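Residues 2 to 202 in the numbering used here are what the sequence shown lists, from first letter to last.
Everything labelled a hint here was simulated from the structure, so no lab data went into it. Computed from a prediction, not measured in an experiment: that's the story for all the values here. Just so it is clear, CB atoms sit at the ideal spot from N, CA and C, and this is done for glycine as well. Any given hint could be a false lead.
Stated by the list, open to error - The calculated label-pair distances, taken between Cβ atoms and stated as ranges, are: (1) Trp110 with Leu62: 22 to 30 Å; (2) Ser89 with Gln136: 34 to 42 Å; (3) Leu135 with Val73: 29 to 37 Å; (4) Glu127 with Thr156: 13 to 21 Å; (5) Ser46 with Glu132: 17 to 25 Å; (6) Glu58 with Glu132: 13 to 21 Å.
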Amino acid sequence: MSLKPDFITRLLFAVIVFVLSAATCRAEMNALPTPLAGVFSDSPSVKSEFFEIYLQEGVELEALRKQLTLPVALDTLIIRPVIENPESLAEEVDKLFLVVSHLLDLHLWNFQSSIKVYLADQEMLELLRREMGLQEQPEGFYLSADNAVFINAGTVNFYILGHEISHAIQHSYFGFSQPEKHQEILSGYVEYQLRKYSDTL
Numbered sequence: 002m003s004l005k006p007d008f009i010t011r012l013l014f015a016v017i018v019f020v021l022s023a024a025t026c027r028a029e030m031n032a033l034p035t036p037l038a039g040v041f042s043d044s045p046s047v048k049s050e051f052f053e054i055y056l057q058e059g060v061e062l063e064a065l066r067k068q069l070t071l072p073v074a075l076d077t078l079i080i081r082p083v084i085e086n087p088e089s090l091a092e093e094v095d096k097l098f099l100v101v102s103h104l105l106d107l108h109l110w111n112f113q114s115s116i117k118v119y120l121a122d123q124e125m126l127e128l129l130r131r132e133m134g135l136q137e138q139p140e141g142f143y144l145s146a147d148n149a150v151f152i153n154a155g156t157v158n159f160y161i162l163g164h165e166i167s168h169a170i171q172h173s174y175f176g177f178s179q180p181e182k183h184q185e186i187l188s189g190y191v192e193y194q195l196r197k198y199s200d201t202l
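Put together the whole structure using the sequences plus the hints.
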């Protein structure tokens, strides 16, 4: 018994609709805000071209800028100049975004996200444990629900931030969360390349 072409067409259409609706549902679930968003509601911020950078009270701006300063060798990977910004932290973060975009070969010129820099204190650890099930404070992570990169001010450097920015770019580019292993392979590649330029392998 052979299947009619009309039946095959309808079957393929049904499968495509199912896959697209599942992806949309997942994206909508990821769009729900998390309690972590409220931690930074009154925090000072620095605006860059691609990010709003929020600093938890007690985070020192100049110390953070030094931690995130890129090696000069990475300038060769920036395919367009960074818009001049009086805040040097904003400039370093935008340069890092352009480098990560180049390494991934995913270019989003209208990209917007936020970076939230937190202090590794007991209050934050309790929040991470309660809301995310984490038993220790990570160096950084990306939450698609908040469209935000969270980084630990005490341990962050440019390749850790680059790894997390990679997650944000992937989520924005593809429109939904890929399987975790796929994301980590690409983000791990980005971190490896950044570490090569800083001789920290």
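Each hint, compared with the structure:
no.	hint	result
1	Trp110 with Leu62: 22 to 30 Å	holds (27 Å)
2	Ser89 with Gln136: 34 to 42 Å	holds (35 Å)
3	Leu135 with Val73: 29 to 37 Å	holds (35 Å)
4	Glu127 with Thr156: 13 to 21 Å	holds (19 Å)
5	Ser46 with Glu132: 17 to 25 Å	holds (22 Å)
6	Glu58 with Glu132: 13 to 21 Å	holds (20 Å)
Every hint from the earlier list agrees with this structure, and none is contradicted.
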